[in-house]
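There are 2 protein chains.
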Amino acid sequence: MAPQNIEEADETAAPRPRDGLFIRVYFGDGRHVGPGMIELLETIRAERSILSAARRMGMSYRRAWLLVDEIGRNFREPVVETHPGRRGHGTDLTPFGERLIELYREIEQHSAAATRSAVEELRAALSPAGRAPETTREKAEG
Amino acid sequence: MAPQNIEEADETAAPRPRDGLFIRVYFGDGRHVGPGMIELLETIRAERSILSAARRMGMSYRRAWLLVDEIGRNFREPVVETHPGRRGHGTDLTPFGERLIELYREIEQHSAAATRSAVEELRAALSPAGRAPETTREKAEG
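Chains as they are written, first to last, in UniProt numbering: chain A, 1 to 142; chain B, 1 to 142.
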């Protein structure tokens, strides 16, 4: 089984309904890279702190820490470095952490560019009314 | 929120650990197309029966039916047609159902082709030992 914590992070990463491709890259042994992980790294880069990043993303510090730890164990090189002596903001991405973000965002962009016409054909085939989420959820749970 | 039933179908669609891109196409209003839905349509095409397809995929008839119903309501045109007079195999894909499969598989293939070098760079950066799923799950749940 793939690690549930990272997959949940993928699901909750989008603040509003997603539009376009949602991509995870799987490596055949359960390890993968997805949008939740990448968004967490981007937020750590902005906040220079795992704690602040966790708050901004609405997740517990423990969960953010476990995610960062899991990403780090999946790859040869660490993705963050922490400067324990400093007060406050003390976590930075490593060059590999930066590269991981860059590669994932490139994968999203290249995929979107390569599939634009197929996605537009799907979009044009949608029913005009849109779905009725309540009805669907009721039926699914009923 | 996106419909949970279809997203669960995506997660459980792979019999072994996935390798390569996992793609869902979102349309900005919660509707989306993903691999679980497409695999169900392909299995219905092969089995010519929603019941047989559900069995082969290890899901309940009710769940398979709800998925097919949801796909049908998402788009202008139906994806299956049922011939109620016939005994046994009586469900076929519509031309639109066939096109839906074709477009989704094309999106997967074009994305894979457009991202090969980035994915290979990620793969080369993986730690050699591979992950230890038990440890990870323990930590995530602990």
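Just so you know, these hints were derived from the structure itself, not from any lab.
All values derive from a computational prediction rather than experimental measurement.
Worth double-checking, as some hints may not be accurate.
Claimed, not checked - Chain A side only, calculated, beta carbon under 8 Å to chain B, not exhaustive:
no.: 1; residue: 19
no.: 2; residue: 20
no.: 3; residue: 26
no.: 4; residue: 77
no.: 5; residue: 78
no.: 6; residue: 82
no.: 7; residue: 103
no.: 8; residue: 106
no.: 9; residue: 114
no.: 10; residue: 118
no.: 11; residue: 125
no.: 12; residue: 127
Stated by the list, open to error - Quick list of the computed label-pair ranges, beta carbon to beta carbon:
no.: 13; chain 1: B; residue 1: 90; chain 2: A; residue 2: 62; range: 28 to 34 Å
no.: 14; chain 1: B; residue 1: 102; chain 2: A; residue 2: 128; range: 36 to 42 Å
no.: 15; chain 1: B; residue 1: 61; chain 2: A; residue 2: 94; range: 22 to 28 Å
no.: 16; chain 1: B; residue 1: 106; chain 2: A; residue 2: 106; range: 18 to 24 Å
no.: 17; chain 1: B; residue 1: 94; chain 2: A; residue 2: 17; range: 25 to 31 Å
Glycine included, every Cβ here is placed at the ideal spot set by N, Cα and C.
What hint numbers does the structure not satisfy?
5, 6, 13, 14, 15
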